[in-house]
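Student: Read off the chains here:
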Amino acid sequence: MIVFLALTFSGIALGAIYFLAASGLSLIYGLMDILNFAHGLFMTLGAYAAWDVASHLPASWGTPLLFTIAVFASVVGGALSAGLTEVFIIRPLYGRPISQILVTIGLDLAVVGLLLGGFGSNSLSVPVPLWLIEASHLGGLNLPNSDFVALIAGVVVLVSLEWFLRKTRYGITIRAGVENRDMVSALGINVGRAFTLVFVIGGAMAGLAGLLYAVVFSGDLISPTQGDSLLIFAFIVVVIGGLGSIRGSAVAALAVGLVQDYTNFYLGSHPGMAEIGNLSVVLLLALVLEWRPRGLFGSTL
Amino acid sequence: MRSVSRRALAVAFGVVVLFALIPLVGLHLPWVLPSTVNVVNSTGTLEVLALCFIFAGVALGYDVIFGFTGLLSLGPVMYFATGVYVFDITLTHWGWPLVPALAATFVVSLVLAVVLGAIALRVSGIAFTMVTLAFAQAFYYLIEDNPHGLTGGDTGLALYSTRLPGFLSGAVSNTRNLYWIALGFLVVSYAVVWLVTESATGHVFVAIRENERRLEVLGIHPFRYKLAAYTLSSLVATGGGVAYILLIGTAVPSAVASTTVTLSILIMVVLGGAGTRWGAVTGAVLYVYLQQYLLKVAAEPSFASLPSFLRVPLSQPQFLLGAIFVLFVIFVPGGIAGVVTRRRLRFASRRFDAASAPTGTLSMEDQ
Chain V
1 MIVFLALTFS GIALGAIYFL AASGLSLIYG LMDILNFAHG LFMTLGAYAA WDVASHLPAS
61 WGTPLLFTIA VFASVVGGAL SAGLTEVFII RPLYGRPISQ ILVTIGLDLA VVGLLLGGFG
121 SNSLSVPVPL WLIEASHLGG LNLPNSDFVA LIAGVVVLVS LEWFLRKTRY GITIRAGVEN
181 RDMVSALGIN VGRAFTLVFV IGGAMAGLAG LLYAVVFSGD LISPTQGDSL LIFAFIVVVI
241 GGLGSIRGSA VAALAVGLVQ DYTNFYLGSH PGMAEIGNLS VVLLLALVLE WRPRGLFGST
301 L
Chain H
1001 MRSVSRRALA VAFGVVVLFA LIPLVGLHLP WVLPSTVNVV NSTGTLEVLA LCFIFAGVAL
1061 GYDVIFGFTG LLSLGPVMYF ATGVYVFDIT LTHWGWPLVP ALAATFVVSL VLAVVLGAIA
1121 LRVSGIAFTM VTLAFAQAFY YLIEDNPHGL TGGDTGLALY STRLPGFLSG AVSNTRNLYW
1181 IALGFLVVSY AVVWLVTESA TGHVFVAIRE NERRLEVLGI HPFRYKLAAY TLSSLVATGG
1241 GVAYILLIGT AVPSAVASTT VTLSILIMVV LGGAGTRWGA VTGAVLYVYL QQYLLKVAAE
1301 PSFASLPSFL RVPLSQPQFL LGAIFVLFVI FVPGGIAGVV TRRRLRFASR RFDAASAPTG
1361 TLSMEDQ
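Heads up: the protein sequence lines correspond to chains V and H, in order. Counting along the first sequence from 1, when you hit position 160 you're at 160 in the working numbering, and nothing is skipped either side. Numbers given in the working numbering equal positions in the second sequence, counted from 1, plus 1000.
Calculated from the structure, these hints are not laboratory results. We put the CB at the ideal spot given by N, CA and C, even for glycine. What you were told as hints is all true, and nothing was included just to trick you.
Listed below are the simulated SDA-like cross-link pairs for lysine to any residue, each with C-alpha atoms no more than 20 Å apart in a straight line:
| hint | chain 1 | residue 1 | chain 2 | residue 2 |
| --- | --- | --- | --- | --- |
| 1 | H | K1296 | V | L116 |
| 2 | H | K1296 | H | V1285 |
| 3 | H | K1296 | V | G117 |
| 4 | H | K1296 | H | W1031 |
| 5 | H | K1296 | V | L114 |
Pairwise CB distance ranges (calculated):
| hint | chain 1 | residue 1 | chain 2 | residue 2 | range |
| --- | --- | --- | --- | --- | --- |
| 6 | H | R1344 | V | L267 | 53 to 63 Å |
| 7 | V | L7 | H | R1214 | 46 to 56 Å |
| 8 | H | V1217 | V | I189 | 33 to 43 Å |
| 9 | V | L138 | H | P1307 | 47 to 57 Å |
| 10 | V | V87 | H | E1216 | 34 to 44 Å |
| 11 | V | F88 | H | R1122 | 32 to 42 Å |
| 12 | V | W291 | H | A1158 | 39 to 49 Å |
Using the sequences plus the hints, can you model the full thing?
Tutor: Here's what the structure looks like:
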C-alpha cells in the first residue's frame, strides 16, 4: 500500500510535467491547426537557457537563488524561442497547414543539430539546491521534494491558465478562436496577435517542462535530444485529452503519468519488459481513440 | 491507364543502364564524390550510391501514401525496421534459406500493415498522424526491449555474413552486388509505384487527397483504397529494409527504427516534390548524398582552421539539412518537382500564349 501511494505520487508528478508540455501544444493545435513538432525544441531550449544562465552566474550566490533564476530563464527561453518561431517561421505560411507542420519538423532538426554541434551530445548538469534532491517524510512515505515542485508548478500553471482563458480579454479571444477562428476574425478581432500569444504561452510552459523534466527524472541532466522524447508523450496526452482542450490535457496527462508509472514498476522488472511503461501508454492511446476518436474532451477535429 | 510514351521508357531504361554500369567504370572524379577516394567505383562511393537508391525506393513508397493519397503517416519506419529485423533474424540467426526468409519478411510486413493500418485509418486527419506515430514508437520500444534476445536491443543486431548466400558474403568484394541489389530494388519499386499510381486505383488515391467527401458521394468507399495505399507503401519500405541490412550489415534501433528515420523520409519526399514519382526519388538521392558528402567535407583538415561560429554549424549535416528543408518549405513550395513544373508551364504558356493549366502536383495542400 505504501509503495502504491508513493507510485501514485510520482505518477502525478510525471503527469504534471506532461501537462506543462502538452497544454501549449493543445492550445496551438486548437487555435491554429498546427501540429507543432518544434514544441520539443522549446522544451530543450528552455532547459539550455536555464543551464546557460545558471552556469555563468557566480556560484557564490548559492544554489537556491541560482535555481530560482534558472527557472525564470527556462520560462523566458521557451517563450522567446516560441515567439520568434511564430513570427519568423510560422507566419509566412498562414493558410498552408501542411507546410506549417513540415517547417516545425525542419526547425527542430536544424536547431537540435546546432545544439549537438555547439554543446556535444553529452548531458550537461543544471545546478540545483540540495533540498531538491532530498526527500520528505510524510505519513510513512518518502516523497522526493522535486516531485512536489513539479506538482506545484503543474497546479499553478493549470489554475492561472484557466483564469487567463476565462477572465481576460486575450484569453477569451483565444478560446473563441479555438471554437471558431473564422468567426472571430470576421468580427474584426486581430487573430494574428492571438497566434503569437499562444505560441509564447505554450513555449513558456514547454521551457519550464524541459527544465523540470531534467530535475525530476534525469538527475539534473539536460541533453539536446531530451525534448524530442518528451514530445512524443506530449502528443499522446494531447490526442487522448482531445485537441484544443486544456482540461482534457490535464486529465490525460495524469492518466498517462499514472499508467506509465504503475506499469513500469509492477511489470517493468520482468525480463524483456523494460519498456512496458512506454508501451502501455501507446496502448492507452489506441484504446481511447477506438472508444472516442476525438479524445476525452475533444469537440472538434 | 495513361499510355507510357516510348521516349519516357527509353530514357528510364538508359538511366538505369548508366547507373548499373557505374561499378564497372573506374572513372576519376575529384570534389563531387562523398568518399575520400575520388574514384567512381570505389567501395565507399558505391555504398553511398546504394544507400541513395534504397532510400529513394522507400521515399517513393512513402510518396504513395503521403504525396498521392494525402495522408500524413508517421509510421513508415516501422515497416522499414520490419524488413531489417525479420530478414536478418530469419536468415542469419535462425538459418532459414534465402527465399523463405524473404517471403516471411514480406508476410509479416503485410499482416502488420493491414492490421495496424485498419486500426489507424479508423480516425482521420491529425489523429491518424498521431496514431501512426504512436504505433511506430511502440515498435521502436519493442525493438529496444530486446524480447527473448531477438533484436539485440540498443547494442544492435549483426548480419552474420557467414550464413549468407555466396554472392552476398564477404563485405568489400561484394559491394558491387549489393549496389546492384539496391538499384534493382529501386527499379522494381519505381515500376510498381508507376503501375499503381497510373491505374484506376491510383486515380482514386489522388481523388482521396483532393476531396474525400466527393468520392463518398460517388459511391466509392475511400477506406479500402486508403488501406491499399498504406499497405503498398509499407511493403516498399520493407523491401528497402531488406536491402539496407544486406548493405550495412548491422541494425541499430536509432538508425533503422526511430522516428528520426520517418522524418528524414518525409523531408526527402517534400524536398523533391510530394505527389510526383521522380521528385521523391530526386529528393531522397539528394538528401542521402548531401548527408554523406557533408560528413566528408567536415572531416577535411582545412575545415578545422575555420572559425568556430562557421565550423560548428557546418560540421552538422542535421543542421544544414534541417535549415535547407525549412527554406524549401517556405520559399520553394512543391519542392524540386514544383520548380520544374512551374518552369515548364511558363514555357508552355509563352509558346501557346495561353493561360497555364493548374496541375495536381502543386495543389496537394492549401485546400
